[in-house]
Each structure stands twice: as structure tokens, then as C-alpha cells.
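S.K.: Residue numbers (this note's numbering), protein chains in the order written: chain P, 1 to 458; chain W, 1 to 181.
Warning: the hint list may mix true and false statements.
Stated by the list, open to error - Keeping only pairs whose Cα atoms sit at most 30 Å apart, straight-line, the calculated DSS-like set for lysine-lysine is: (1) P:Lys-134 <-> P:Lys-425; (2) P:Lys-292 <-> P:Lys-134; (3) P:Lys-323 <-> W:Lys-89; (4) P:Lys-115 <-> P:Lys-425; (5) P:Lys-134 <-> W:Lys-145; (6) P:Lys-323 <-> P:Lys-83.
If you're looking for bench data, these hints aren't it; they were derived computationally from the structure.
Quantities reported herein were computed from a predicted structural model and do not represent experimental measurements.
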Amino acid sequence: MRMKKTIYFLLFFCVVVLGYSQQKLTYSFAENPQTLLLNPGAETNYRYHYGIPLLSGFNISVGSTGVNLEDLFLDNGASFDSKFRVALESIQPEDYFSFNSRIDVLYGGYRLDDKNYLSFGFYQETDIIAYVPKDFIELFYHGNNRYLNRSFSLSQMIAKADVLGVFHIGISRKVTPRLNIGARAKIYSSSLNIETNHNSGTFTTFENDTNILRQTLNGVDALIKTSGLIENGSITDNASGLISRTFLGGNYGIGLDFGLTYHIAPEIEFTASVLDFGFIRHSKNTAQYSAKGDYTFDGINFEYDPNNPRDYWQELENDFDSKVPTEENNEAYTSWRPFKINAAIKYSFGEIRKKACFTDTYKRYYFNSIGFQLHTVMRPLKPQLALTGFFETAFTEKIHSKITYTINDYSSMIFGSGMSMQLGKVNLFGFVDNLLGVRDFARANTISVNFGVNFVIE
Amino acid sequence: MRFIKTPSILFFLFIFFSCTENLNFDDTELNIGAVHTSPLVFFTLDQNDFFDRVNDVEIINVEVVIGDFTLLQSEGVADNLIRIDFDLKIRNEFTRTITSTVNFLDENDNVVQVVAPFIIPAGDLNYRHRIVQTITPVSPLLRAKRIRVALRIDTSSGSPIRPDDPRIFDLKSTGTYYFEI
């Protein structure tokens with residue numbers, strides 16, 4: 001008995017305290033309540049569930065495709081400057097930094113009847129992605145003197161940041177013994193949004209006969225949209241306000257998730273889902289900044305007329321303002337949520353167990369399965385793809401584990417692992433994605449943490 | 001039971017043997033040494049500009065004052081600028097040597113920085129001159145808002161100035177700004 005308690009404690013420690021993972025590993029795994037948030041058409045086999053507030057689901061993912069900690073901070077005797085220069089040389093404009101965190105503040109579910117399971121809750125999400133504007137970092141760091149004739153592109157300025165709360169309610173329905181479908185409606189309450197994308201224009205310095213050099217701004221069309229950032233004319237420093245506005249902040253949107261589970265054969269399961277197909281209308285505390293135009297600068301063309309002195313500098317400013325007008329306004333705008341597409345195919349094998357369930361008298365479970373998952377997040381520049389191969393095994397009917405191998409933008413060597421276990425009415429789960437990254441954090445381009453505690457009543 | 005032990009041991013092996021290379025977060029000082037270049041001023045004077053038609057005499061001194069620029073007073077520039085190079089490219093078609101003096105003036109036209117005069121030989125069509133100014137936080141040049149370029153034609157040589165003479169004096173310039181941030 002004491003041995004059993006020790007083992008359970010160790011497992012709890014592993015799963016809850018040390019369990020890191022990316023949320024996608026929870027996808028279609030062990031009929032965990034969290035899978036409903038990743039696929040509203042996931043199968044459920046319990047009467048109801050509820051999560052411990054703030055602990056039912058926690059996920060944090062950090063990634064960088066260009067550089068890692070070691071590139072910039074390795075204690076190898078080289079100066080930070082030299083490491084920065086090397087890193088700057090190696091990164092590309094397609095590289096990006098991303099951060100995502102999600103905390104389930106409230107989460108629960110209730111079986112309406114044999115076929116339908118209702119789930120609902122509220123979570124807070126922070127999602128940031130910023131691409132590397134390499135041209136302008138180099139322009140700022142080195143200056144333009146060494147880059148005559150090079151065009152610095154404004155189109156590399158791409159970033160999006162969101163802090164929001166999401167109220168959601170979804171239903172999962174057993175349509176046939178083979179098919180389960182589901183949908184989830186969402187109301188978004190945005191606390192903060194900053195986005196800039198689809199910018200264009202170049203800045204170039206080159207030799208010219210009019211003066212020694214000519215500088216041009218060609219086809220500038222830039223726009224930065226913000227909501228929740230500017231309050232009373234200045235940047236907000238009210239961090240607590242950012243959190244509180246995720247409840248009912250005034251900038252609302254709607255979204256939809258839908259998904260399905262289909263058993264092609266008793267051993268083969270196909271699942272798919274589309275998440276966050278929706279938008280947010282920003283009308284409160286908005287500020288938009290834009291600049292548009294073309295400009296050619298040869299210097300000040302002085303015209304000698306001692307009787308009529310002119311303020312050339314002011315004329316230059318006026319001319320620039322008229323040809324590249326900037327605008328600041330507080331108009332409302334719409335931002336689309338980065339919708340996600342998930343799909344997986346799973347082949348199960350090995351020992352078969354039968355389990356009483358709601359939709360069939362007994363449901364057959366295989367202890368092992370292998371398969372592939374595809375995850376896509378629509379990002380400003382291009383979709384962020386991840387292909388995952390996985391192996392699942394059940395140690396008992398209550399303890400399931402999953403091992404994954406993922407290829408994505410960050411790396412082609414990402415191993416993940418996690419567990420889900422049922423201790424009485426308590427369901428615990430935890431995942432780590434990028435086990436090699438845990439081994440050597442400094443070299444990791446991505447690390448993810450995912451864990452949660454829910455009460456599941458069968 | 002061994003099924004439970006195995007993953008537990010694996011997890012702990014990973015955690016206890018996890019490590020990072022030695023990282024140094026103390027040395028994070030980024031020294032930016034940017035060098036920016038831009039066109040500055042260009043103008044063309046003809047002999048008419050050096051001739052007083054009313055009194056029918058040559059004008060020996062011509063002054064060009066250009067302002068009022070506030071670039072050097074802006075915070076980012078004043079705090080980080082360490083040097084400016086002014087590069088001049090001059091085409092002197094006149095048959096007279098011209099001595100040029102460049103002064104930097106504040107908003108009240110007080111001279112805050114004087115540059116050593118330089119001589120552009122008569123007929124030099126590709127004269128180049130660089131004016132190097134080292135900047136410190138207390139450099140008077142940081143108060144400059146105007147540039148005065150004084151051109152004095154040599155009276156001891158060459159042919160007389162004639163308003164109808166098509167020969168010109170042409171000046172082009174760039175500024176190269178060295179920042180240390």
C-alpha cells in the first residue's frame with residue numbers, strides 16, 4: 001500500500017510539477033477533458049467534469065526559429081556584441097519569435113444524454129508572434145553607409161500580439177457508432193491587440209548625379225493597429241487592467257470551433273478540428289498609425305537669393321509630410337483570430353479491454369496505438385505547420401502515456417512525452433515537448449509546458 | 001507495476017540530468033556603432049551671383065546660409081553622435097580661385113563652430129574636401145542650427161567676373177554620421 005502511494009506520488013510529481021508540453025500533444029489523447037478544447041468532436045465517456053479554477057489546464061509555449069539562448073549568451077569568452085553580430089548574420093526575415101500561454105480559469109462539462117456532452121468555460125490566452133525585421137535591425141545596427149544601393153524593406157515588419165479572454169460553450173454528439181461530431185461557440189473579449197502586417201515600401205541610398213547621394217522611400221504603405229495599448233493618449237502601464245479587461249473589456253468577437261472523430265475501422269480512428277475560426281471587433285481604446293507615399297531626397301537644393309532668405313529645413317519637413325503623410329486615428333477595426341487546423345490518424349493495436357460507456361454497452365480499448373498528427377496555425381506570414389508522429393500506450397485503464405516526434409519550423413528533432421492518469425475522480429495530465437530541449441535549455445529553439453487537474457466523474 | 005516505474009525513472013533521468021551550457025547573462029551590453037550617410041546640400045552659382053549689376057562691380061564675398069535644422073538637438077542624435085564627416089564635391093569652372101569658409105551658427109546666428117578655410121583652385125572640376133568634426137556631449141556643434149558657407153573669390157588672378165559668362169560654381173555634399181549607442 002505504501003509502495004503504491006509512493007508510486008502515485010512520483011507520477012503526480014512527474015505529471016503535474018515536471019510535466020511540460022505543447023498543448024497539441026493533448027490532442028486526441030486518453031479522452032482527457034482537455035481534448036474537447038482541441039477537438040470539440042472528441043469522444044467523451046464520462047458524466048461530467050470540472051476543473052480546479054486556474055489549474056484545469058495550463059499551457060505555455062516559447063519558440064524562436066532563428067536563434068537560441070546559446071547563440072547569444074554562451075559563456076565562451078566572446079563578447080555579446082560579436083555573438084549578436086553572428087546571430088544577426090544568420091537569421092532570416094522569415095524567422096520569428098513566438099509566445100503562447102493559455103490558462104483555463106473555469107472549465108466544466110455535463111452529459112446531457114447518452115449522445116450529447118456539453119462543455120463550457122473561460123480561459124485567458126496570450127499569443128505573440130513577431131517576425132525578424134532583419135533589414136531594419138541591420139540598418140539600425142550598422143547604418144546605411146556600408147549598404148549603398150541596398151533596399152531595406154518595410155514588408156519585414158510583421159507582428160501580432162493578443163491578450164484576450166474566451167468564453168466558450170461546446171457540444172460533442174455521437175451521431176453513429178462510428179462518427180462523433182462537435183462544435184464550440186466562443187465569445188472573445190480582447191484586452192490588448194497590436195498588429196502590423198502587409199506593410200510595403202523600401203528605403204534605399206545610392207549614388208546620383210544631382211547630389212553625391214540620393215535617398216528614396218518607394219511605395220511606403222505601413223499600418224500599425226492597436227487596441228488596449230493607448231489609454232488617455234499614452235501607452236498604458238496598467239497591467240492589472242490588462243487582465244481584468246479579458247473578462248468584459250469592451251472589444252468583443254465571436255468564433256467557432258468544430259471537429260469530428262470517425263472510426264474508419266475498429267482499429268483506425270481519424271480526427272480533425274478547426275479552431276478559432278472567428279474575429280474580434282476592436283472599437284474601444286483603439287489607435288491606428290499609418291504612413292503612405294514616396295519620397296526622393298537629394299539634399300537641400302539651395303537657391304541663392306540674398307534678398308529672400310528661406311527656411312529650407314522647414315520646407316523640407318513640409319514637403320516630406322505632404323508626400324509621405326502620416327495619420328493617427330481611433331477608428332474601429334477587425335482582427336482575425338489565428339485559426340488552427342488539427343488532424344490525426346491513429347492505428348490501435350495490442351491487448352483489448354472493454355469498458356462500460358454511455359454510447360455503447362461496452363467500448364473496446366486497445367492498449368497501444370501509433371499515428372500521425374498534423375497541426376497548422378495560420379500566422380501573418382505563412383501557416384505554422386507541425387507534423388507529429390506518436391506512440392500511445394496505456395499502462396492500466398487509468399494511466400496513459402504518449403511519446404511524440406515532431407517536425408516543425410523550430411526543429412526537426414523534437415521529442416515529446418506525457419501522461420494522463422485518473423486517480424479516483426481526479427484526472428491529471430502533463431506533457432513536455434522537446435525533451436532534448438529540457439536536457440539543454442540553452443540550445444532549444446522551443447519549449448512547451450502543458451499540465452492540468454480536472455475532476456472527472458464517470 | 002513495472003509499467004509505472006519505467007516512465008517515472010525516465011522522467012527523473014531527464015530532469016536530474018538536464019543541464020544547460022554555461023550561460024552568461026551579465027555581459028549583455030550591446031554597442032551599436034552605426035554609420036549613416038545622407039545627402040546634405042547642393043547648389044549652383046553662376047557668375048551673375050558674383051556680380052553687382054547696380055554698381056557694376058564684382059562681389060568678392062558670397063554667403064550662403066542654410067537652416068533651420070534641429071537634427072543635432074534631437075535626443076537620440078545629441079546623446080549618441082560621436083563624429084560627423086562632411087564630404088564636399090565641388091566643380092569650380094571659374095578662372096578664379098575661391099576660398100571657402102564654413103561656420104556653424106546657433107539660432108541667434110552666433111558662430112558655434114568654425115571650420116578651417118579651404119581653397120578651391122580655379123578650374124578644378126573635381127575638387128573634394130572632407131570636414132571631420134568630432135562630437136562630445138558638450139560640443140558646441142550640437143547647438144548649431146544653421147550652416148553658413150562663405151565663398152571669397154580671389155581678386156589677384158583670373159579673368160574678370162562677367163554676368164553673361166556661363167561658367168558655374170557647383171557644390172554637392174553629404175554628411176556621414178557616426179553613432180555609438
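S.K.: Hints the structure violates: just list their numbers, smallest first.
M.R.: Result: hints 1, 5 and 6 break, sorted rising.
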